[in-house]
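Trainee: So the chains spell out like this:
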Amino acid sequence: MKRALCVMLACLLAFLPCAALGEEEEIETIVTIVTAPDQTAAERPPCFPDPKDDYIPLPEGENLAQGKPVISGAHTDVYVDKNVNDGKTDTYWESKGFPAEIVFDLQGAFAVSTVAVCLNPSSIWEPRIQEIAVQVSLDGETFTEAAAPQKYQFDAATGNRIRIDFDTVQAAYVKVIFTLNTSSHTGGAQAAEICIYE
Amino acid sequence: MRKAILLVIACTLICLGAWTSLGTARGETTRLTIYEGPKTMESSPIASVSVNGYDLFVYDVMVNHQHIYSDTSLPTTTPMTYFDFEGRAVISIRMPGLPNAVESAVVQPYAWGITPEVRDGEVRFAITEPGQYTVVFNGSVNKALHIFANPLETDVPDRDDPNVFWIGPGEWTIDAIALQSNQTLYLSGGAVLHSVISVSQADNVRICGRGLIDGSDYPAWVQAGSSARVPIHLDHSKNVTVEGIGIVNSNCWNLNSYSSRNVRIDNVKIISGRQNGDGFTFQSCTDHTVTNSFARTWDDSLVLKNYSGSTKGITFKNIQVWTDLAQSMEIGYETDKGLTLDPEISDVLFEDITVLYNFHKPVISIHNSDDAFVHGITYRNIVVENAFMQGDNGINKELMEMTLQNSRWSTVRDEFGSIDNVLIDGLTVIHTENGKVPASRFSGQSEDNMITNVTLRGVTILGNPVTTLKEMKLSIDAYCDGIVIE
Numbered sequence: 001m002k003r004a005l006c007v008m009l010a011c012l013l014a015f016l017p018c019a020a021l022g023e024e025e026e027i028e029t030i031v032t033i034v035t036a037p038d039q040t041a042a043e044r045p046p047c048f049p050d051p052k053d054d055y056i057p058l059p060e061g062e063n064l065a066q067g068k069p070v071i072s073g074a075h076t077d078v079y080v081d082k083n084v085n086d087g088k089t090d091t092y093w094e095s096k097g098f099p100a101e102i103v104f105d106l107q108g109a110f111a112v113s114t115v116a117v118c119l120n121p122s123s124i125w126e127p128r129i130q131e132i133a134v135q136v137s138l139d140g141e142t143f144t145e146a147a148a149p150q151k152y153q154f155d156a157a158t159g160n161r162i163r164i165d166f167d168t169v170q171a172a173y174v175k176v177i178f179t180l181n182t183s184s185h186t187g188g189a190q191a192a193e194i195c196i197y198e
Numbered sequence: 001m002r003k004a005i006l007l008v009i010a011c012t013l014i015c016l017g018a019w020t021s022l023g024t025a026r027g028e029t030t031r032l033t034i035y036e037g038p039k040t041m042e043s044s045p046i047a048s049v050s051v052n053g054y055d056l057f058v059y060d061v062m063v064n065h066q067h068i069y070s071d072t073s074l075p076t077t078t079p080m081t082y083f084d085f086e087g088r089a090v091i092s093i094r095m096p097g098l099p100n101a102v103e104s105a106v107v108q109p110y111a112w113g114i115t116p117e118v119r120d121g122e123v124r125f126a127i128t129e130p131g132q133y134t135v136v137f138n139g140s141v142n143k144a145l146h147i148f149a150n151p152l153e154t155d156v157p158d159r160d161d162p163n164v165f166w167i168g169p170g171e172w173t174i175d176a177i178a179l180q181s182n183q184t185l186y187l188s189g190g191a192v193l194h195s196v197i198s199v200s201q202a203d204n205v206r207i208c209g210r211g212l213i214d215g216s217d218y219p220a221w222v223q224a225g226s227s228a229r230v231p232i233h234l235d236h237s238k239n240v241t242v243e244g245i246g247i248v249n250s251n252c253w254n255l256n257s258y259s260s261r262n263v264r265i266d267n268v269k270i271i272s273g274r275q276n277g278d279g280f281t282f283q284s285c286t287d288h289t290v291t292n293s294f295a296r297t298w299d300d301s302l303v304l305k306n307y308s309g310s311t312k313g314i315t316f317k318n319i320q321v322w323t324d325l326a327q328s329m330e331i332g333y334e335t336d337k338g339l340t341l342d343p344e345i346s347d348v349l350f351e352d353i354t355v356l357y358n359f360h361k362p363v364i365s366i367h368n369s370d371d372a373f374v375h376g377i378t379y380r381n382i383v384v385e386n387a388f389m390q391g392d393n394g395i396n397k398e399l400m401e402m403t404l405q406n407s408r409w410s411t412v413r414d415e416f417g418s419i420d421n422v423l424i425d426g427l428t429v430i431h432t433e434n435g436k437v438p439a440s441r442f443s444g445q446s447e448d449n450m451i452t453n454v455t456l457r458g459v460t461i462l463g464n465p466v467t468t469l470k471e472m473k474l475s476i477d478a479y480c481d482g483i484v485i486e
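As given, the protein sequences belong to chains A and B, one line each in that order.
Each residue of the first sequence is one higher than the one before, starting from 1 at the first, in our numbering.
Each residue of the second sequence is one higher than the one before, starting from 1 at the first, in our numbering.
Bear in mind the hints are in silico, worked out from the structure with no lab data behind them.
For every residue, glycine included, the Cβ atom is placed at its ideal position computed from N, Cα and C.
Accuracy of the hints is not assured; some may be wrong.
[What the hints assert, rightly or not] In silico SDA-like pairs for lysine to any residue, Cα to Cα no more than 20 Å straight-line:
id: 1; chain 1: A; residue 1: LYS151; chain 2: A; residue 2: ILE177
id: 2; chain 1: A; residue 1: LYS82; chain 2: B; residue 2: TRP221
id: 3; chain 1: A; residue 1: LYS88; chain 2: B; residue 2: LYS39
id: 4; chain 1: A; residue 1: LYS88; chain 2: B; residue 2: ASP175
id: 5; chain 1: B; residue 1: LYS337; chain 2: A; residue 2: THR76
id: 6; chain 1: B; residue 1: LYS39; chain 2: A; residue 2: ARG44
[To be verified] In silico negatives: residues of chain B with every beta carbon more than 10 Å from chain A:
id: 7; residue: PRO38
id: 8; residue: SER73
id: 9; residue: ASP175
id: 10; residue: SER181
id: 11; residue: ASN204
id: 12; residue: THR378
id: 13; residue: GLY394
id: 14; residue: SER410
id: 15; residue: ARG413
id: 16; residue: GLU447
id: 17; residue: GLU486
Turn these sequences into a full structure, and let the hints guide you.
Mentor: In structure tokens form, the structure reads like this:
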């Protein structure tokens with residue numbers, strides 16, 4: 001009888017740790033630990049190869065437009081014209097309607113031969129066509145045509161950017177004129193960056 | 001001796017019973033999946049959490065305790081962690097980041113019926129059901145811990161399928177991901193993805209996994225030079241499912257659907273603390289279902305609007321909501337932003353919604369501030385654990401609000417709509433800030449633009465059944481008719 005009592009007491013003691021949550025409770029657990037790879041910084045997911053190899057190349061050399069004074073007409077919401085030459089493609093200028101003109105003061109005369117218009121390269125900016133012309137001036141008042149109006153295809157697959165090449169011309173002021181944007185999300189011109197090169 | 005034996009047997013049975021009542025019977029095995037955090041990140045210094053003795057990675061995510069809108073308001077952080085399990089999980093928590101040792105803890109929703117043990121600064125409790133658990137320490141919501149105890153994953157997509165983009169554990173960044181028809185994005189547990197996911201004019205798309213989409217790499221969208229980056233944006237798409245993932249630190253809205261149809265969202269967890277951080281937000285959508293999900297937001301938590309056409313067939317079921325700013329379940333304000341013909345919002349069901357906290361504006365609101373016909377709206381089994389609405393300078397702090405007035409968000413200002421056939425079937429308010437019944441307000445516009453046929457049934461506030469409009473503190477104006485409380 002004493003032995004039976006001892007067995008029961010032992011059983012009771014065996015269960016006690018389980019009875020109170022405050023005590024360590026061992027639960028039979030089959031655990032899967034999903035481990036993280038060695039990284040020192042956030043990386044591009046391997047399943048999304050970098051598309052930059054297919055981007056339309058831009059000329060090497062200084063972007064004459066960056067940070068220079070810029071003048072435009074009315075803009076949409078918060079998308080002001082100073083976004084167009086701040087060096088960032090995640091900000092943009094959006095005009096309020098057409099035609100939309102934006103003028104860059106290069107603060108000196110340069111032999112200009114290329115204007116590039118860039119949208120955000122993200123693929124969430126759907127493909128679109130914008131019609132664009134380029135005019136130049138030495139005094140900021142009288143402009144002559146450097147590139148006639150032409151429709152350009154913007155596509156994230158090629159960097160959502162286009163380049164307008166024309167015969168080299170002396171310019172202190174460059175006017176970029178938009179007359180069409182086929183995007184369904186806007187009624188105006190859009191440009192994240194406009195770059196001007198010699 | 002016989003008495004002693006009987007006593008021991010009784011004690012044994014009692015102990016055995018107590019043990020089994022805590023969850024899984026002895027002999028059953030718990031299956032647990034835990035995820036290492038990215039090696040580029042540190043686990044939160046605020047909280048340390050383990051489950052069945054295994055340490056979890058704890059994320060600090062943005063929330064905002066400022067309960068009034070400001071363009072310049074900055075978020076703070078709160079700890080969050082997650083794991084998957086089946087069986088019984090004993091969760092152990094320490095909070096070294098709190099200014100004082102933990103002396104008390106409450107697990108929400110209260111309906112879980114969990115009374116955690118607090119001993120020597122450690123909080124412990126057991127769970128047997130997957131779901132979302134929030135732990136509040138020392139009577140303060142500051143640094144409340146969100147625990148997302150997911151069910152074990154099933155139907156994991158094949159990473160070798162060419163239509164599957166498979167993102168594993170680790171920290172990843174890509175400016176944006178545009179999913180096309182028939183594509184799947186799998187975001188593994190342990191993954192932190194800095195990106196936005198767009199599904200535009202696509203069909204049969206799936207986003208799933210256990211990982212996080214994290215918008216912390218961008219400033220709030222209202223800041224100069226920034227822009228809105230919606231973590232998941234569905235646009236004119238159909239047959240889309242979003243399952244299992246978390247969305248944190250967004251710099252604007254979180255899970256947005258626009259003019260889409262047949263969308264299923266399950267077990268998605270959202271926590272936001274920055275401007276316009278709406279949770280599940282749908283505009284002009286049809287046939288959307290959100291289930292078993294969580295939204296702690298610094299703007300409307302669950303929100304329906306009309307931007308371009310009508311809204312119809314929306315169900316929110318078994319959702320936990322924590323509204324730090326704005327409304328918990330909002331229809332409006334924009335109900336005809338797209339100036340469409342005969343706009344409607346109809347066939348909407350909010351069911352089994354637990355509002356852990358609302359600190360700002362109405363819990364239930366229909367702000368028809370354009371000209372839509374809003375009808376067939378049902379709220380069933382709504383539990384408001386803490387109705388702490390402070391409003392804006394004393395206004396808009398109602399429990400329920402239905403209006404037919406213009407607002408700053410109105411597009412249509414010369415015509416008004418109506419609200420008809422609304423059922424509130426089961427509404428329980430457990431706590432209010434001042435221990436009093438919060439007011440509610442229905443306000444129509446004219447005899448042609450009225451709020452009609454609203455039935456309230458099974459309302460309990462502060463433990464007391466509410467059976468009259470007076471007890472409900474519900475004010476109705478002359479342009480309301482058929483407002484009934486049963």
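Trainee: If you test the structure against every hint from before, which numbers come out violated?
Mentor: Checked against the structure, the hints that fail are numbers 3, 7 and 9, while the rest are satisfied.
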